[in-house]
Amino acid sequence: MGAYLIKRLGVSLLTALVASMLVFMLMRLVPGDVVAQMMGQAGGEQAAGTMRQFFGLDQPAYLQYASWLGRVVQGDLGNSWTRGLPVTMLIWQAFLVTLEVALLTLFVATVIGVPLGILAGIFENRWIDNVVQGFNVLGLSAPVFWVGLMLLVGISSLFAWSPPLRYVAPSRSLADNLSILALPVASLALLQVAAYSQFVRQNVVSALHQEYVRTAVAKGVPVRTIFFKHILRNVLIPIITFMGLILIQILGGVVIIESLFALPGLGRLLLTAIETRDYPVVQGALLVVVAAAMVVNLVVDLAYRLIDPRVRVS
Amino acid sequence: MFYRPMLHRGKAMRATLAAASALAFVYAAPAFGKDVGLYGPVAENPVMGGRLNMGLLVEPPGLDPFHQAADARIRVTVLMYQGLFYESPEGRAEPLLAESYEVSDDGLTYTIKLRQGVVFHTGKEMTAEDVAYSYNYIRDPKNGSPGAGDFATVKSVEVVDPSTVRFSLSVPNAALPMALGNKYGAVVPAGTFDDENARNLMNVQSFGTGPFKLVEFTPNSHIVLDKNEDYWDKGMPYLDGIDFAILPNSASMLVALQNQRIDLVALARPQDVKQVEGVAGLSIERWPSLGQASIDLGAETKPLDDVRVRQAISLAVDKKQIMQASVGDYGTVLGTVPAGLQEHWGLALDKVPMQGPNIEKAKALLAEAGHPDGFTLKLTTINGYDWMDPAAVTLRQQLGAIGITLDIQKVDLGVWINSFRSSQMGFTFNDWATQPDPNLLFYRHFHRKPDGADFRNWANDEASALLDSGRAEADPAKRREIYDKFQTILADTAPTIMLFSPDHITVRGEKVQNYVQHPTGWYYGLARTYLSE
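Line by line, the protein sequences are chains H and Z. Numbering that gives the first Met the number 0 numbers the first residue of the first sequence as 0 and each following residue consecutively. Numbering that gives the first Met the number 0 numbers the first residue of the second sequence as 0 and each following residue consecutively.
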């Protein structure tokens, strides 16, 4: 187990290094830089040159990368070129917002999606199944931004209410925090509930058709025992894998929802940083995203082992 | 009447529109006369206190007035930082932190008396030393300010006594006071930038003298400003504070407006305005602008180096049609200056040469230039500028009529700015704004290198000479004559074709009173805004 963890960590670090190099190169391949953005149509060449020097943009790219990496190793992601604030602080604040949205969405999607999927699977081709499947088609085909917009406009015209615009951390006021996050989480969760229940339904259905289940039924094993011992156990592993996938998907797809609901999350931070060519923020934020995806994958792998000892971590 | 909004609904709007169709949008005479103060009309019985929620569709990329040129920055920082003069909407530079000034007979020395009792947000009192420091900092290109070019004629800034500074110039520059306005830089305490971290700190606290102080700037979320209790103009501002909510999505913005989460917002797209038309409790107002949508014709790109080709294009363009396609009626068709400058500095619209549509003459000119069958030309448009897409399609049709095939290419702003600044702009749409002064509008853009930047490689000696004398001339009437001549050449040889000024459009809730939108698009008016109870 220890050796496995060390190996995984090593691979993760290597992946992060390669990813950071790629991001670094790609950002510099995109034409235009932060100085062009700051100077706009004004500003002489000399002033622009000074600013390039100030940001170290006059250095060769490999030197810029080396000095960035050198600071990252010491835990310093530098300052944002446009906002002036430390990148670590910007990312941490934004990450907490996105993480909260993602975890809440995951929670809602699991609590609603898994039971729906199990119900639909057990009552395969009965009316419950049809209703759930109908909902799933709707949820899977509606784009997230559309759902968000419809919720926003619909709730506004029905109840003359829209969420507050300034994000409040849950530590400051949980009620305010939840009233801000209710609609964004609902918009994101619709798709995930549908995906979840569809996925769980399929697994339940295929488990139900397994021979061991048929044998258990033939032997007269109580339904409850069949369900918990033979079906749920087998369905749980793919569900956990799926949970990891969904979490990563939410982290990636949250950008639009953050823009729609004015949430200062990681997606929006990254987007505005790319627009203004704020390299330190882009590089730092992507590093965090890559690291988060790796942590989620690792946790999922370890969770397998806990649920099913047959899975050898190798 | 810069201070009277064109009310969107009701009689006033119809009257304005009727007048507009007859007079091609003349923004009438001043409506408020003597009670127009700095930043906006003085309210008669303002309600003091309260906080205003304003929506921002575009986030300021930073709040440092010395190093950040973005318009989204200027709109907000004019409330916190001040220069020596205020750009009045009528095109006058009115003393702000200056109290009065004298110009020497040769026009080379400006002696400026400073306002007394001005205190920085840091608590320190403003002296001549701070003023000299601030302007010496910004004009030195080594300090990397995009505004440095506006001070190129300044040779030195010296302290005469604690309440007087002297600006010495290398050539006379009648637009100096306007350049000492609020677009770039500001008066900040001497030594502010000795601290390497100062430009970062400007996103955390404000160092200016303006009516509001920065309390908090949370990127992608909000900006909080509080009233400056020690503001030198007693009785201002009326509000206790302003909370800017940064909301990049206009649909969410409109929902927030309807639910009174937001009291006031400036909108940019006509389709957004349509959505709030007729919503109870919201008033839509239109204001003349100093911005312009234009076509630039870089002479480095063949065959645009031939003046006859540029003239033919100018004659083939139907500006009104392009404006209708781009912003509907929410704009003003231009001659040779943006709408907000037309009354005081624009060449009379009926005197502007080479205006279309005149297809026959355009075709004849093209044939004369050796292109009887036309040619293919690349048109650059910029990502994120909504008006450019419909405008590009319309322009393709118009130029198609004289045989020019347009190949439309969309690029990112950063890319576009790089080719613009290296004078390789080719044939492109442009979208830019100016301060209310002809020298600041024209000089840098159109004067020959190296004194100007001549982005379009126009290289016109006669026009450059006129720009020099326009800058030196202090007498407004003579100055206007010079700029009339310049504009005639500009339109006749078409290095640029100014199409239209999109109106500034503001939407406000019922309780927002006395907000006027400055033609620059900057939010000066918030210092005169109050909330009715």
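Source of the hints: derived by calculation from the structure; they are not laboratory data. Take the hints with a grain of salt, since some may be wrong.
To be verified - Cut-off 20 angstroms, straight-line C-alpha distance, at most; resulting in silico cross-link-like pairs (SDA-like, lysine to any residue):
1. Z/K409 x H/I273
2. Z/K141 x H/D57
3. Z/K409 x H/V29
4. Z/K154 x H/G43
5. Z/K448 x H/D57
6. Z/K409 x H/L28
7. Z/K477 x Z/K141
8. Z/K141 x H/G55
9. Z/K448 x H/E44
10. Z/K141 x H/L301
11. Z/K448 x H/Q45
12. Z/K510 x H/A159
13. Z/K141 x H/I273
14. Z/K141 x H/L16
15. Z/K141 x H/Q45
16. Z/K273 x Z/E89
17. Z/K350 x Z/I488
18. Z/K448 x H/Q40
19. Z/K273 x H/S156
20. Z/K141 x H/V29
21. Z/K409 x H/D57
22. H/K6 x H/L301
23. Z/K448 x Z/A458
24. Z/K377 x Z/S422
What the hints assert, rightly or not - Label pairs and their in silico Cβ distance ranges:
25. Z/E299 x H/T87: 22 to 30 angstroms
26. H/A181 x Z/S421: 43 to 51 angstroms
27. H/T87 x Z/V57: 47 to 55 angstroms
28. Z/A197 x H/A181: 36 to 44 angstroms
29. H/L13 x Z/A250: 56 to 64 angstroms
30. Z/Q259 x H/L177: 14 to 22 angstroms
31. Z/T108 x H/G48: 27 to 35 angstroms
32. Z/S421 x H/L137: 34 to 42 angstroms
33. Z/A473 x H/S172: 57 to 65 angstroms
34. Z/P161 x H/G74: 45 to 53 angstroms
Yeah, the Cβ is synthetic: ideal placement off N, Cα and C, and Gly gets one too.
Structure-based check of all given hints:
no. : hint                                : verdict
1   : Z/K409 x H/I273                     : holds, 18 angstroms
2   : Z/K141 x H/D57                      : holds, 15 angstroms
3   : Z/K409 x H/V29                      : holds, 15 angstroms
4   : Z/K154 x H/G43                      : holds, 17 angstroms
5   : Z/K448 x H/D57                      : violated, 25 angstroms
6   : Z/K409 x H/L28                      : holds, 18 angstroms
7   : Z/K477 x Z/K141                     : violated, 36 angstroms
8   : Z/K141 x H/G55                      : holds, 15 angstroms
9   : Z/K448 x H/E44                      : holds, 13 angstroms
10  : Z/K141 x H/L301                     : violated, 56 angstroms
11  : Z/K448 x H/Q45                      : holds, 15 angstroms
12  : Z/K510 x H/A159                     : holds, 18 angstroms
13  : Z/K141 x H/I273                     : violated, 27 angstroms
14  : Z/K141 x H/L16                      : violated, 36 angstroms
15  : Z/K141 x H/Q45                      : holds, 7 angstroms
16  : Z/K273 x Z/E89                      : violated, 30 angstroms
17  : Z/K350 x Z/I488                     : holds, 11 angstroms
18  : Z/K448 x H/Q40                      : holds, 16 angstroms
19  : Z/K273 x H/S156                     : holds, 17 angstroms
20  : Z/K141 x H/V29                      : violated, 27 angstroms
21  : Z/K409 x H/D57                      : violated, 28 angstroms
22  : H/K6 x H/L301                       : holds, 14 angstroms
23  : Z/K448 x Z/A458                     : holds, 8 angstroms
24  : Z/K377 x Z/S422                     : holds, 16 angstroms
25  : Z/E299 x H/T87: 22 to 30 angstroms  : violated, 45 angstroms
26  : H/A181 x Z/S421: 43 to 51 angstroms : holds, 50 angstroms
27  : H/T87 x Z/V57: 47 to 55 angstroms   : violated, 26 angstroms
28  : Z/A197 x H/A181: 36 to 44 angstroms : holds, 41 angstroms
29  : H/L13 x Z/A250: 56 to 64 angstroms  : violated, 43 angstroms
30  : Z/Q259 x H/L177: 14 to 22 angstroms : holds, 21 angstroms
31  : Z/T108 x H/G48: 27 to 35 angstroms  : holds, 31 angstroms
32  : Z/S421 x H/L137: 34 to 42 angstroms : violated, 52 angstroms
33  : Z/A473 x H/S172: 57 to 65 angstroms : holds, 60 angstroms
34  : Z/P161 x H/G74: 45 to 53 angstroms  : holds, 48 angstroms
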